[in-house]
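Enquirer: Each chain, letter by letter, is given below.
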Amino acid sequence: MNTSPSSKNNPGNYFEDFRLGQKIRHAAPRTVTVGDVALYNGLFGARFAVQSSDEFARAIGYPRAPLDDLLVFHVVFGKTVPDISLNAVANLGYADCRFLKPVYPGDTLSAESEIIGLKENSNRKTGIVYVRSRGFNQGGAPVIDYARWVMVRKRDETAVVPEERVPQLPKAVEPSALGAACPAIDASAYDAVLAGSPHRFGDYKAGEKIDHVDGMTVHFNLFAQSKDRFGKRLIYGGHVISLARALSFNGLANAFHVAAINGGRHVAPLFAGLTVFAWSEVLATADVRGRSDIGALRLRTVATKDKPCADFPYKEGEDYDPAVILDLDYWVLMPK
Amino acid sequence: MNTSPSSKNNPGNYFEDFRLGQKIRHAAPRTVTVGDVALYNGLFGARFAVQSSDEFARAIGYPRAPLDDLLVFHVVFGKTVPDISLNAVANLGYADCRFLKPVYPGDTLSAESEIIGLKENSNRKTGIVYVRSRGFNQGGAPVIDYARWVMVRKRDETAVVPEERVPQLPKAVEPSALGAACPAIDASAYDAVLAGSPHRFGDYKAGEKIDHVDGMTVHFNLFAQSKDRFGKRLIYGGHVISLARALSFNGLANAFHVAAINGGRHVAPLFAGLTVFAWSEVLATADVRGRSDIGALRLRTVATKDKPCADFPYKEGEDYDPAVILDLDYWVLMPK
Amino acid sequence: MNTSPSSKNNPGNYFEDFRLGQKIRHAAPRTVTVGDVALYNGLFGARFAVQSSDEFARAIGYPRAPLDDLLVFHVVFGKTVPDISLNAVANLGYADCRFLKPVYPGDTLSAESEIIGLKENSNRKTGIVYVRSRGFNQGGAPVIDYARWVMVRKRDETAVVPEERVPQLPKAVEPSALGAACPAIDASAYDAVLAGSPHRFGDYKAGEKIDHVDGMTVHFNLFAQSKDRFGKRLIYGGHVISLARALSFNGLANAFHVAAINGGRHVAPLFAGLTVFAWSEVLATADVRGRSDIGALRLRTVATKDKPCADFPYKEGEDYDPAVILDLDYWVLMPK
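Chain order of the listed sequences is A, B and C.
Its first residue numbered 1, the first sequence is counted upward by one per residue in our numbering.
Its first residue numbered 1, the second sequence is counted upward by one per residue in our numbering.
Its first residue numbered 1, the third sequence is counted upward by one per residue in our numbering.
You may find that some hints are simply not true.
Identical copies look the same in the list; a pair holds intra-copy or inter-copy alike.
[What the hints assert, rightly or not] Below, computed lysine-lysine pairings styled on DSS-like, alpha-carbon distance capped at 27 Å:
| # | residue 1 | residue 2 |
| --- | --- | --- |
| 1 | K205 | K119 |
| 2 | K125 | K307 |
| 3 | K336 | K205 |
| 4 | K101 | K154 |
| 5 | K154 | K307 |
| 6 | K154 | K209 |
| 7 | K125 | K154 |
| 8 | K125 | K315 |
| 9 | K171 | K23 |
| 10 | K307 | K23 |
The set of hints was computed from the structure by calculation and includes no laboratory data.
Only chain A is shown next, with the shape it has when bound in the complex (with noise of 0.2 Å):
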């Protein structure tokens, strides 16, 4: 009889596993569901209206309420880890990531991955590995698409690479590419009392920095899995992510959509136990190509830990606050 281990496992790919140009097709699909928005809903307290309540959202032209975009953005994330990030050390960056069209419940999403640059370290351990990622609904279209570099262990110090290359990534996408996920609406039926706020896109200039005031605790982490092997854990930055855009709404709270993401930086990890608090800067307001019902915002937020946000922490210097946690830098869409 053999006992011998058998390689059906996967053991996830190293560093000089990867070939620029490469694609994978990522498993397993996933049918999202009513269940998952109320598990994230639970989870990071999120509140806009069009995604909280069908009424809401029909009444402004979705034919129901879509799912919120992180969710989105999360499940298509999940997908690839096992493929890309596996044996990565950390997640460096995002870039280019656009919502593409809006997915509901009972929407099915599958993921795939280019390899679009492979960079090795100096110290011949690791590596730098550039994906783009695609996420698809049942029909086969596109409904997120993004960059995102890591840096992945080797398995074999010496080994080589054939090709490397560092892509050109946008600092952020152009207001024209925003607003594929966001329907025609209807701004004159945007009820402002309903969805918590008065304050439309021509309330909000550049420079403006907003507290977010509120925060929120941590208890764990969903939507990942716990990776031990290397004897650090990697904590799941989306978490933070969507806790500061759940955060965002005591400010933002018409900013019901997020259109893309320009780029975003885990500064510090987080733990459980700890409170989240938020802030956010508008770098830049934009009209959208073609659309008179809304409008774009290009914001800053800052997530903190266990420091409130009245004084707007972030950088000291070059170095960050080190209450700092997230800084991203996104689109997000706002009615006229």
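For chain A, the structure is supplied; the task is to place chains B and C on it using the hints.
Expert: Frame of chain A; chains B and C shown alone:
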């Protein structure tokens, strides 16, 4: 570039911000789903047959399983927090809470409140706000109506509140006001074995005390935002109410509907890691006007922390037993 | 006024309360929903394609994604607890567990049990209760059938149990009894890339051992009532079974259906905060009668706490490795 703080966030209302007769429409409406039901059941272990099983509910006359009454309460209550109790020191009491219409998965709940009383405290640092809140379904029909009063900080100790009044609130809901949220049921189709108890309305007598035996350990607190602004965390007492109601299944399994809450006192806070126990006393029994299918029990349910309830811990003279955390007075309906 | 304690609560059955041949209908039926599925997936990280995706399930012949088999087991098991094991010292074993029909979101599950064996322990303080339990859907069709035995306290040490018997239970379910809950599938439409592994039934050999690599940290325990009556908390072992099954995806991704559980031993308790790892050995492979679409693997899956499984920790002589918490023997189905 303007980098001054904006005033777009909601700092919450302070005592002097409220006015008698003021009406508030709360954000944001919420479509409640089977996902919320699963989360509620997972957190509290609710297992009353009518709310657990579409088949059971249909057999007795509901179109399908309605939401747990307290889930309806929590959703509506949660909507009122940002406008009413963000700057609260303590939630002091509830009165005259009536459930008016069954709520089903897929319904969308919204909430409105009216300020019905204001009374500054003699220290001039806080005042008591009395508010009547109502929840509505997507058709605009009221599903719940209740009063509560809450101690709220003043922003400015010197501020003067123009008009004060302490409203008269009933000690208990009259039996004649019960039953609006309960359709006519076929009591003969009510399968007591499936429901978990042979004891129907006629088997309970005023004065009877029931130890609910089981304990449930509290892991964490959903349905509430953590507030740390004043260095003290306001625990959402509704979590304890739901735990006590779920525990009461053991002894009151056929009390299938909470028809009204007469009053409730959160005697002491609850922290994660403790185990909650509960017991109930039948305060009164009553017929429900025009209904031969159901009868009403007025109950006092007492919840304790880390103390089983075989000897019914309650008051020691004027003071509560130190283990008591909840003293709830409410009406339930049972099949005849 | 009568203020004496009532006997309306359920103190649970003690050993001397059971009788051979006794039949019990359990309360309360439960409509299982996509909400329960989301909670299950969130807790355990389950990602087998058939249960994750309506599209994937439909492509191979299911009407939609069925519930995870172990979720069905937990729901039915949970119903039996108040009548069978409320006064249990320990859950000793399972046998002859067969899944008989797929369960879909929206189905309503109920449970019945029969006492098939009773054996007092020599200390006369406890006895072993053998019970056969069955779960049914809303149409009355059995969906699961299993035996378990559990050590239950006596209320009164002097009580005499009129008739004792130790039932004969099979060491393993026969392959001919497998497959009832699996519709005929179109194995050619089974997309192994989407499912997460190229390895089908024919690729596995008896004696093969698979390290499932990943670890998952346990946060807390749903699907169970905490019991503190006897000063010791009985941890629900089913939680560990689900974790082990979810972890086994890495190496057994195409083992899309648990067809039967031959036996299981909860070797040691698990507490929150520990990380669970798992490995499996293929004990046997078998054809399924009348089925060319699928084959069966008999697996031993071993779960450990805080110990990765690259060297397959199991027994040291007669004793289990101290890290082992679960030793599970079961049949899974794979596409041919």
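Enquirer: Work down the list of hints and note, for each, if the structure agrees.
Expert: To see whether the hints hold, each was checked on the structure:
no., hint, in the structure
1, K205 x K119, "neither (40 Å within a copy, 40 Å between copies)"
2, K125 x K307, "between (36 Å within a copy, 25 Å between copies)"
3, K336 x K205, "within (14 Å within a copy, 62 Å between copies)"
4, K101 x K154, "neither (37 Å within a copy, 46 Å between copies)"
5, K154 x K307, "between (37 Å within a copy, 23 Å between copies)"
6, K154 x K209, "between (43 Å within a copy, 26 Å between copies)"
7, K125 x K154, "within (5 Å within a copy, 59 Å between copies)"
8, K125 x K315, "neither (31 Å within a copy, 37 Å between copies)"
9, K171 x K23, "within (24 Å within a copy, 46 Å between copies)"
10, K307 x K23, "neither (42 Å within a copy, 34 Å between copies)"
Hints 1, 4, 8 and 10 from the earlier list are contradicted by this structure; the remaining hints agree with it.
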